[in-house]
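With the hints as constraints, model all of the structure from the sequences given.
Taken in order, these protein sequences are the chains called H and X.
Residue numbers 54 to 329, in the numbering used here, belong to the letters of the first sequence in order.
Residue numbers 2 to 845, in the numbering used here, belong to the letters of the second sequence in order.
Since the hints were derived computationally from the structure, they do not count as laboratory data.
Glycine included, each C-beta is placed from N, C-alpha and C at the ideal position.
Be a bit skeptical, because a hint or two may be false.
Unchecked claim - Here are some chain H residues the structure puts well away from chain X; computed CB gaps all over 12 angstroms:
(1) Gly201
(2) Phe217
(3) Leu266
Unchecked claim - Example chain X residues on the side facing chain H (calculated, C-beta under 10 angstroms, incomplete):
(4) Asn24
(5) Asp35
(6) Thr51
(7) Ser53
(8) Ser55
(9) Tyr60
(10) Met749
(11) Leu783
(12) Thr785
(13) Arg787
(14) Pro790
(15) Leu812
Chain by chain, the residues:
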Amino acid sequence: MAKYGMLIDETRCTGCRGCQVACKQWNDLPGEETHNTGSYTNPPHLSAQTWNLIEYKEIDRGGQVGFFFLKRACMHCEHPACVSVCPVGALRKTPEGPVVYDDHKCIGCRYCMAACPFGIPKFDWQKGLLEGALIRKCTFCADRLSNGLIPACAKTCPSKAITFGERDQLIVEAENRIRKNPDKYVNHVYGKEEAGGTSILYLSAVPFEQLGLPKLGPAPVTTLSEQVMEYTLPFAGVWLATLAGLAAVFKFRERGAKQPEIGPAADDPHNKEASK
Amino acid sequence: MTNDWIDIKNADVVFIIGANPANNHPASFAWINDARNRGAKLIVVDPAFTRSASAADVYAPLRPGTDIVFLGGIINYAIQNKLYNEEYVKAYTNALTLINPDFKGPADLDGYFSGYNKEKRAYDNSTWKYQTEKVTVKVKEKDASGKEVEVDKEVSVPKRAVNLDDPHTVWSHFKKHYARYTPEMVERVCGTPKDKFIQVAQLFCSTGAPDKSGAILYAMGQTQHTVGSQNVRSMAILQLVLGNIGIPGGGVNALRGESNVQGSTDQGVLFHLLPGYLGAPTDANPDLKSYYARFDTTSYWANGPRFFVNLMKAWYGDVAKPENDYCYNYIPKSSGNYSWISLFQAMYAGKIKGLFCMGQNPAVSGPNARMERQSLAKLEWMVAMDLFETETAGFWKAPGVDPKTINTEVFLLPALDAMEKEGSIVTSGRRIQWRPRVAAGPSGAHTDIWILDRLAKALKAAYAGSTDAKDRPILDLAWNYGEDPEPDVWLVAREMNGYALEDVKDAAGKTILAKGALLSSFGTIALAANYDAIACGSWIYAGYFAPADDGRGVWRPAARRRGQKDPGNLGLYPYWGYTWPLNRHILYNRASARPDGTPWAENKKLIWWDAAKKVWTGYDVPDFVPTKAPDAKANPAGLGLAAQSGTDPFIMKADGKGWLFAPTGLTDGPMPEHYEPLESPIKNALSGCQIDPVVKLWDTERGKSIGDNVGTTDKYPIICTTFRLVEHWQSGTMSRTLPWLAELQPDMFVMIGKELAEERGIKNGDMVQVSSARGEIKVVALVTSRMRPMKVDGKPVHIVRMPWHYGWQGLATGDVANDITPHVGDANTMIPEYKAFLVDVKKA
Numbered sequence: 054m055a056k057y058g059m060l061i062d063e064t065r066c067t068g069c070r071g072c073q074v075a076c077k078q079w080n081d082l083p084g085e086e087t088h089n090t091g092s093y094t095n096p097p098h099l100s101a102q103t104w105n106l107i108e109y110k111e112i113d114r115g116g117q118v119g120f121f122f123l124k125r126a127c128m129h130c131e132h133p134a135c136v137s138v139c140p141v142g143a144l145r146k147t148p149e150g151p152v153v154y155d156d157h158k159c160i161g162c163r164y165c166m167a168a169c170p171f172g173i174p175k176f177d178w179q180k181g182l183l184e185g186a187l188i189r190k191c192t193f194c195a196d197r198l199s200n201g202l203i204p205a206c207a208k209t210c211p212s213k214a215i216t217f218g219e220r221d222q223l224i225v226e227a228e229n230r231i232r233k234n235p236d237k238y239v240n241h242v243y244g245k246e247e248a249g250g251t252s253i254l255y256l257s258a259v260p261f262e263q264l265g266l267p268k269l270g271p272a273p274v275t276t277l278s279e280q281v282m283e284y285t286l287p288f289a290g291v292w293l294a295t296l297a298g299l300a301a302v303f304k305f306r307e308r309g310a311k312q313p314e315i316g317p318a319a320d321d322p323h324n325k326e327a328s329k
Numbered sequence: 002m003t004n005d006w007i008d009i010k011n012a013d014v015v016f017i018i019g020a021n022p023a024n025n026h027p028a029s030f031a032w033i034n035d036a037r038n039r040g041a042k043l044i045v046v047d048p049a050f051t052r053s054a055s056a057a058d059v060y061a062p063l064r065p066g067t068d069i070v071f072l073g074g075i076i077n078y079a080i081q082n083k084l085y086n087e088e089y090v091k092a093y094t095n096a097l098t099l100i101n102p103d104f105k106g107p108a109d110l111d112g113y114f115s116g117y118n119k120e121k122r123a124y125d126n127s128t129w130k131y132q133t134e135k136v137t138v139k140v141k142e143k144d145a146s147g148k149e150v151e152v153d154k155e156v157s158v159p160k161r162a163v164n165l166d167d168p169h170t171v172w173s174h175f176k177k178h179y180a181r182y183t184p185e186m187v188e189r190v191c192g193t194p195k196d197k198f199i200q201v202a203q204l205f206c207s208t209g210a211p212d213k214s215g216a217i218l219y220a221m222g223q224t225q226h227t228v229g230s231q232n233v234r235s236m237a238i239l240q241l242v243l244g245n246i247g248i249p250g251g252g253v254n255a256l257r258g259e260s261n262v263q264g265s266t267d268q269g270v271l272f273h274l275l276p277g278y279l280g281a282p283t284d285a286n287p288d289l290k291s292y293y294a295r296f297d298t299t300s301y302w303a304n305g306p307r308f309f310v311n312l313m314k315a316w317y318g319d320v321a322k323p324e325n326d327y328c329y330n331y332i333p334k335s336s337g338n339y340s341w342i343s344l345f346q347a348m349y350a351g352k353i354k355g356l357f358c359m360g361q362n363p364a365v366s367g368p369n370a371r372m373e374r375q376s377l378a379k380l381e382w383m384v385a386m387d388l389f390e391t392e393t394a395g396f397w398k399a400p401g402v403d404p405k406t407i408n409t410e411v412f413l414l415p416a417l418d419a420m421e422k423e424g425s426i427v428t429s430g431r432r433i434q435w436r437p438r439v440a441a442g443p444s445g446a447h448t449d450i451w452i453l454d455r456l457a458k459a460l461k462a463a464y465a466g467s468t469d470a471k472d473r474p475i476l477d478l479a480w481n482y483g484e485d486p487e488p489d490v491w492l493v494a495r496e497m498n499g500y501a502l503e504d505v506k507d508a509a510g511k512t513i514l515a516k517g518a519l520l521s522s523f524g525t526i527a528l529a530a531n532y533d534a535i536a537c538g539s540w541i542y543a544g545y546f547a548p549a550d551d552g553r554g555v556w557r558p559a560a561r562r563r564g565q566k567d568p569g570n571l572g573l574y575p576y577w578g579y580t581w582p583l584n585r586h587i588l589y590n591r592a593s594a595r596p597d598g599t600p601w602a603e604n605k606k607l608i609w610w611d612a613a614k615k616v617w618t619g620y621d622v623p624d625f626v627p628t629k630a631p632d633a634k635a636n637p638a639g640l641g642l643a644a645q646s647g648t649d650p651f652i653m654k655a656d657g658k659g660w661l662f663a664p665t666g667l668t669d670g671p672m673p674e675h676y677e678p679l680e681s682p683i684k685n686a687l688s689g690c691q692i693d694p695v696v697k698l699w700d701t702e703r704g705k706s707i708g709d710n711v712g713t714t715d716k717y718p719i720i721c722t723t724f725r726l727v728e729h730w731q732s733g734t735m736s737r738t739l740p741w742l743a744e745l746q747p748d749m750f751v752m753i754g755k756e757l758a759e760e761r762g763i764k765n766g767d768m769v770q771v772s773s774a775r776g777e778i779k780v781v782a783l784v785t786s787r788m789r790p791m792k793v794d795g796k797p798v799h800i801v802r803m804p805w806h807y808g809w810q811g812l813a814t815g816d817v818a819n820d821i822t823p824h825v826g827d828a829n830t831m832i833p834e835y836k837a838f839l840v841d842v843k844k845a
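Set out below in structure tokens:
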């Protein structure tokens with residue numbers, strides 16, 4: 054089976070944020086209430102409502118300012134740390150490339166957040182634990198891929214900065230671009246080897262650390278996280294027991310409370326029409 | 002655009018000046034990037050280091066309002082270093098034409114051209130005209146007995162020299178004029194470091210080589226100045242000098258500000274135009290004869306009177322007859338300038354009773370918007386047709402306004418979005434694409450055509466039975482686009498395309514278009530003996546809705562085609578939609594070949610003369626008489642294109658040449674000359690003439706806070722320019738209401754350089770007050786390295802930059818940038834000077 058990836062050529066990106074909006078549209082994510090705090094980057098960080106974010110960077114290039122745009126979303130690692138730390142197997146690396154998660158299994162423990170070297174998984178802080186607060190992140194549009202469509206961000210990119218394709222071929226393409234324009238690019242394809250390789254690959258005109266991507270070795274982060282997990286599994290058991298206890302208390306309290314009226318939840322995207 | 006969006010990929014150098022396509026035309030970057038992949042270089046010249054600049058190979062800053070100096074500097078660089086395409090210049094431009102010996106230019110007259118009248122603030126352009134000579138030609142005429150005889154006729158033609166440097170040639174004046182625009186002058190006036198300027202000039206002038214092409218992309222950064230028209234002229238001149246007009250990857254490309262603004266301009270929404278760029282009658286043309294006299298007789302415009310008749314047949318049907326001058330007297334004759342600023346001045350003076358605002362939001366988008374909102378309050382009634390309640394629709398409840406004091410009756414008619422209705426949309430590249438309705442709108446909202454159909458029918462009913470002559474234009478209007486529930490937009494398309502009311506015959510009596518058939522070319526109009534048997538609402542659209550092959554043998558209305566064949570692989574895609582005129586994708590493409598008809602270079606070939614078949618052939622539809630040989634001589638006594646030769650590519654010009662020097666058509670000079678913006682921090686370094694000498698200066702309520710005040714550097718030392726963001730759309734009506742876009746750019750802000758912020762003690766994210774002679778606004782400060790102070794005429798000058806999308810309605814709100822822009826417009830078009838004015842900035 055083909056293993057997919059996306060090549061993000063930062064020299065072609067114009068920071069238009071078409072990908073950021075397309076992601077929200079496809080995934081039915083709400084707009085966040087934001088403010089201009091002196092930056093174009095908005096919302097300020099990835100969140101449960103924002104899975105793909107353009108970060109704007111002004112970088113001094115020898116007296117001349119450079120303006121760069123980092124597309125930040127899940128890297129879909131070849132050896133994902135989030136998968137290896139998930140105590141309940143909610144996160145999974147598919148053979149096609151996407152790292153996906155199962156809401157029915159997720160218990161909201163947030164180990165994946167701690168383990169991810171890129172700081173990608175986000176927790177839905179707007180919900181309490183017992184309201185089914187879950188981990189959220191880019192899914193590589195696994196639902197689109199399985200229906201023969203390319204990811205929403207790649208589909209919408211007007212400047213063709215995002216190329217979707219088979220990972221192996223994208224690496225060849227990326228290396229070709231560097232070979233053809235050695236002055237234009239840093240001589241490195243980010244993600245080819247970082248953390249054991251990622252599905253998302255970057256080309257850039259400036260060092261990747263300046264863009265805000267972490268400097269990582271070729272070893273998968275999983276090796277480390279698996280060691281940590283040896284100690285944390287017993288702890289997770291205790292944590293689960295605590296949660297179960299808390300749940301019982303809440304259930305007990307709810308029994309006494311009046312049942313809410315049955316109706317569409319205002320924030321349920323599937324009930325948009327009904328709630329108008 | 003003279004060229005097309007996709008054609009940008011064929012350029013060797015892409016030069017963006019006065020535009021920010023990464024923000025405002027993001028899809029264009031696909032083609033810019035394709036060109037860069039081929040090895041093309043990108044130049045961006047802009048006061049700010051924009052998102053477009055981030056992709057540039059060469060970025061050069063310039064002070065707002067100094068484009069004529071920058072572009073003039075490049076023209077001079079090309080002249081001085083002989084980088085121009087001499088063969089092109091000699092054959093295809095008016096460089097060799099002789100000018101009236103009395104002509105004097107700014108180099109002689111301290112910034113003025115000859116013919117200036119100080120009292121009238123206007124030019125008499127008689128000294129700008131061509132020298133003419135009389136030639137005697139043999140013409141066939143019928144004598145008294147009706148027999149055809151050959152007689153001698155004396156005709157006056159423009160006089161041309163043999164050598165470029167002969168005295169009084171356009172070229173000699175041109176050279177002298179531009180000699181003043183030195184790299185040193187560019188640095189002094191524009192603030193661009195000399196070495197940066199030379200880098201740009203060298204790179205762009207490299208496209209003067211026959212096997213290279215350079216495209217200029219521009220937008221409102223060029224036009225929204227008191228010298229906007231001359232800015233655009235400068236780009237056209239530069240491209241003519243380098244031989245970049247008519248060839249793939251060249252051109253002067255206006256990146257239009259809205260997805261269908263090209264289509265609306267084509268349909269004559271500007272006050273001085275009728276559909277198809279036929280000039281609108283003025284009170285200088287009281288009768289049809291005087292109106293017809295406005296059309297050139299030695300260019301394709303010789304057919305203008307025919308196109309006008311077709312338009313009147315479309316509007317008035319059988320009522321339009323030769324006996325009543327085809328209802329010419331039904332068309333209003335304008336008696337002055339009716340552009341935006343003038344309209345709002347008249348409204349403020351109480352001269353206008355009612356206003357229809359269709360998809361426009363002047364409360365946010367107009368210059369000195371506070372004054373324009375007060376103008377709205379002087380109306381008796383106002384109708385807003387829009388998707389949302391805009392600031393204009395809700396002007397009566399603006400912050401600080403007491404609704405009780407507003408007497409204007411306001412109606413809001415909910416309209417449907419482009420996706421919610423069927424119709425055509427025209428790109429900047431003149432490509433007309435028919436689009437289906439793809440979404441249902443909210444109930445109660447209607448298409449524009451539904452609203453206008455009801456309005457027209459109601460007006461006809463209201464005037465029914467009237468015998469008053471002034472009501473005839475409404476009563477006689479041919480209005481037949483179907484009945485409820487919805488008028489048929491295909492019938493509108495048919496009328497715009499044009500069709501035969503009777504069998505149309507040529508001079509020999511042969512039927513060339515059967516009754517009821519659609520025009521497939523405006524050539525039929527030019528050929529027809531009984532041309533008044535054709536109704537055509539827009540001659541340039543003739544053929545756009547006629548059945549045409551989509552390249553796969555499937556015939557459908559041309560604008561609905563989606564064929565993807567691309568002969569020549571230039572990205573012309575001639576089977577996709579329909580590009581007016583006549584599906585020509587690159588205008589003036591006769592110039593893509595040398596005077597002898599062979600391509601300038603193999604890699605730039607577009608059309609060429611096939612000597613064996615005696616026809617122009619190639620990848621694009623020739624913008625030329627297809628059978629006119631390169632060596633064809635002009636017949637000075639001929640009508641229309643017969644008066645032009647085989648080397649006259651500019652068929653819409655009376656002499657068939659590209660004008661380096663415009664003997665007519667401009668109010669403020671035949672060549673672009675730099676003048677400072679109305680509000681400027683420096684004295685004009687080029688001459689003693691500070692501002693464009695024919696600009697109309699308004700002085701309504703001068704001295705009052707909302708009046709036509711002019712700011713000076715003692716109070717307002719900082720230059721301000723306005724711009725648009727990719728995240729919002731125009732006045733924000735369609736984007737500030739969408740949560741996904743509101744979250745991206747939630748608040749009104751001003752971009753301030755770090756140096757200015759430090760001087761004023763402003764921190765990133767602080768609230769600041771931006772004030773001008775028209776008032777002040779409070780906005781967020783975005784402190785950035787992308788704005789840098791410039792050294793202009795030896796002095797440091799700060800520049801700040803504000804988006805103009807914000808208002809008080811919707812989800813993302815903020816103060817209105819245009820509350821502080823000046824009410825002054827371009828000398829020729831009156832487009833407001835939004836791009837350069839003076840402000841002060843301090844911590845709020």
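Taking each numbered hint in turn, which are not upheld by the structure, reported in ascending numerical order? 14
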